[in-house]
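Student: One-letter residues, chain by chain:
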Amino acid sequence: MDNNTYIDIKNISMWYPVNSGLKSIGKEKKWIKAVDDITIGIERGEVLGVIGESGCGKSTLGRVLVRLENPTSGDVLIDGQSTKNLIKNDYKAFRRLVQIVFQNPYDSFTPRDTIEKILMRPLRIHDIGKSDADRNTIIKEALEASGLRPAEDIMSRYPHQLSGGQLQRISILRSMLLEPKFIIADEPVSMLDVSVRADIISMLLRLSKENNASVVFISHDISLTRYISNKIAVMYLGKIVEYGDSEVVVNEPKHPYTQVLLSNCASIDPNERMNKLSVEGEPPTPINPGPGCYFAPRCFKAVEQCFNKYPDNIVLENGHYVACDRYNK
Amino acid sequence: MSTILEVKNLNITYKNKKKNVYAVKDVSFTINKGDSLGLVGESGSGKSTLATALLRLHPKHSTVITGKANFMGKDLISISEKELLDLRWNELAVVFQKSMNSLSPVHRIGEQIEDIYRVHKPKATKKEISDRASYLMSLVNLSNRVYNLYPHELSGGMLQRVSIAISLLHNPKLLILDEATTALDVVTQGQILDEILKMEKEMDMTRIMITHDMSVVSSSCNKVAIMYAGELMEVGCVEDIIPNPKHPYTQGLLSSFPSLKGEKKELRGIPGYLPDLSIKHEGCIFATRCKDVMDICRKIKPVKKIVDNKQEVSCHLYGGDD
Amino acid sequence: MESNLNNKLKKTYKIITSDKQLTAGIIGLLIVLTVIIFAPSLSTHDPNFYGTNVLSGLGENGHLLGTNKMGQDIYSMIIFGTRTSVQVAVISALISGVLGILIGGIAGFFGGKIDQFVSELINVFMMLPTFFLILLIIALFGNSITNVMIVIGITTWPSNAKLMRAQALSIRERTFVKAATAMGESKREILFKYIIPNGIFPVIANTTIGMSNAILTEASLSFLGLGDPNIISWGQMIYEGKSYITSAWWISAFAGVAIILTVIVFYLLGDGLNHVLNPKHANGREA
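Protein chains in written order, with this note's numbering: chain A, 1 to 329; chain B, 1 to 322; chain C, 1 to 287.
Just so you know, the hints here were simulated from the structure itself, not pulled from any lab data.
Only a predicted model underlies this, so the values are computations on that prediction, with no experimental measurement involved.
Quick reminder that beta carbons are idealized off the backbone N, C-alpha and C, glycines included.
Just so you know, not all the hints are guaranteed correct.
Claimed, not checked - Some chain B residues judged to face chain A by a derived CB distance under 10 Å, without partners named:
(1) SER43
(2) VAL64
(3) LEU85
(4) SER220
(5) LEU253
(6) SER256
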């Protein structure tokens, strides 16, 4: 990893045991490898898009990066500093550093509190602002700057009285109040109306830039991910199968899975008829996958050697790499 | 070109003690045999309300429906309960979003199919039903063994396919799919849309696709109707409207979808909020968010007009004021 | 913020009147509260006063509902007995509720071994025949009204704990709880500020019904002679009137009626609350 790497995700794995407890004595231990040995670097201010279908592990990866779950192995270094150690030594500092925006804005807030109370909490917990009155001003200014006006009216409302777009804006604000340097956006607009999405996305990007923060944008909407990301990582059954510049990955996908994925994206242009690459069945659950390439059973390019060992990452130009032996020269 | 469904001046209002919600206002459109109409709109557009009303699935005491929906000579809004029961599933079927939730978790798929089949053909034999089911499942790329499985043993995509197969049991003339592929993955969605197109050809079916996703419409429909806040904004052929949208709302909606390939155009949304549907608004209902709004838009509701001999648009930009 | 308060009162009124059982329950509760507060003014005699008119019948000698063998005015005893019953109901419900909410909440929220241990504990408690346990404890520790209240409280917490635990299990998966963790809130804060406030509704309804049961239990204990003979309670009255059922039936009868009526009031309250606090009504506000 070069010196520009701000976020260094190193060998992160999240394995869940199948059959734990007394039942598993004597049986071979089975693992659901939801996230399997992910190593990736993100530069400062960069937006990394993570795409893949359900079961690929992208949501689990998001949860692990923000430590809603602790990874079974691996660590994330932020600016050279280990987050594993940071959590042990200064839990609150970690929470300020890494933030997450959730998919469901309607459930992101406790229904019992007003918006004001909700936004006060993170400020109080992290001692931001000198007094409650000061914090009140901070909240008001932040709301107004994001187009949530009149701020006082919004602050006195309860979550169920606001629209999805407003709620997601407030959710983003809540995270940004802590000035994080690493933001995970887990499908932040998939539950919102299409016409409202652009606004939310631009707010997320704008505030991230202001904080010079790196963003991991998890989505199943490939067109949107291509639009906002600098780099894209394609996940399949817990592993990254392709990584590179978003334009390159989308326009010249190398991994067979990425090719299948992209060819199945319907476009709005009715004249653009894509040749849909078909694939058998549906992705299996990642229970003890392997030993070969995880995609081999469904891959239209698979040959015998693909089933023997998991392919290495073949590096193509400009940092673009693909985990497929067919590119091994 | 025979007409399968003609909707005329349909109005649907939800009434409760406190207020009325005008969910669908004065909607009229026609569907011919073999058409596949994409009914597009965002939340609050009334598209699902419209579909549910065609099957009279709304609670009677709290929904007021006026207007006509002529389906094969019968008015769906006013026919008797008995006539409606005859039509439901026989001639007119629906697949809902997340249909997996409408299957009983404690019965096998086969049992449930038999149950549903026998509603209209009470004397059908098990063999007759399973033959029909096998045929339909092959159309949606499901293997026969699904017949003997329980819902929890199938994935989301497979369950949705089962729902589609079930909707076709009696070879309905009109199939309504309400956001049927929205909850599914891209690849599964692509596969199911392909299956639907193939099926349509083979069964000579007419279809209404209700969705918020324009790409689904452009890849699988020939006609599109765009709804906003309960009213129809623009209706016409997909090949006319999508490259050349006339109504500002359609234009705004299309520009909210980022393109996968090609140059990165600026992603724009539509500023503003949906108006309160419990108030009757003067003038065009889109006026508060329209980039091309004029004075007349706020006062007089635009009338439907055919533009360029192609699509029907309700907008003052195209002379909607006479 | 005056309008806010006004709005809240209006909303509460609307909610109360929306459900027949709740309305009836609230009206009953208001009557009970009136009796409790104005007991001295409402009663005709000092209930503890041993008068000279012994075993008087209905309306005799200025005693509305007669007197018992000690000359105490039945009507006044009924009035003051309300205080006892409600006191028992409220305090034992409080103990049961607080224990149930804390134990159930901690078990459901923290999960793991704590949950396993607590669940087994709840199962054990539910297996025990509560009433006999109460009898045993009263027999061992004495029959003061305080003991009665405590013992009812510590034997009825399991049902509240079960409810709270189920709520905690589902609420901890909600997005806003995950968001709170991501914000840096400590587990203790999350339990008390998010889990319990959002999950408490079914427990409240259950507690109200528990109040009815508490009144009945106290009455049963007194009837068996294990109640506190030093305070005025309806159960005591029934106990004392046992031997006079045929000759001076009024001693037991009206106490019995009072118990039935009060139990119904609390039951209606609990049932009505259950209807109104149903998730369909989204925390009591309009859906």
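Student: Take the hints in turn and mark each one as holding or not.
Tutor: Structure-based check of all given hints:
1. Because the closest C-beta pair between B/SER43 and chain A is about 5 Å apart, less than 10 Å, the hint holds.
2. Look at B/VAL64: its Cβ only gets to about 26 Å from chain A, farther than 10 Å, so that hint breaks.
3. Interface restraint check for B/LEU85: the shortest CB-CB distance to chain A comes to about 36 Å, outside 10 Å, so the restraint is violated.
4. About 8 Å separates the beta-carbon of B/SER220 from the nearest beta-carbon of chain A, less than 10 Å, and the hint is met.
5. Interface restraint check: B/LEU253 against chain A, minimum CB-CB distance 6 Å, threshold 10 Å, status holds.
6. Because the closest C-beta pair between B/SER256 and chain A is about 5 Å apart, less than 10 Å, the hint holds.
Going through the hint list in order, the structure does not satisfy hints 2 and 3.
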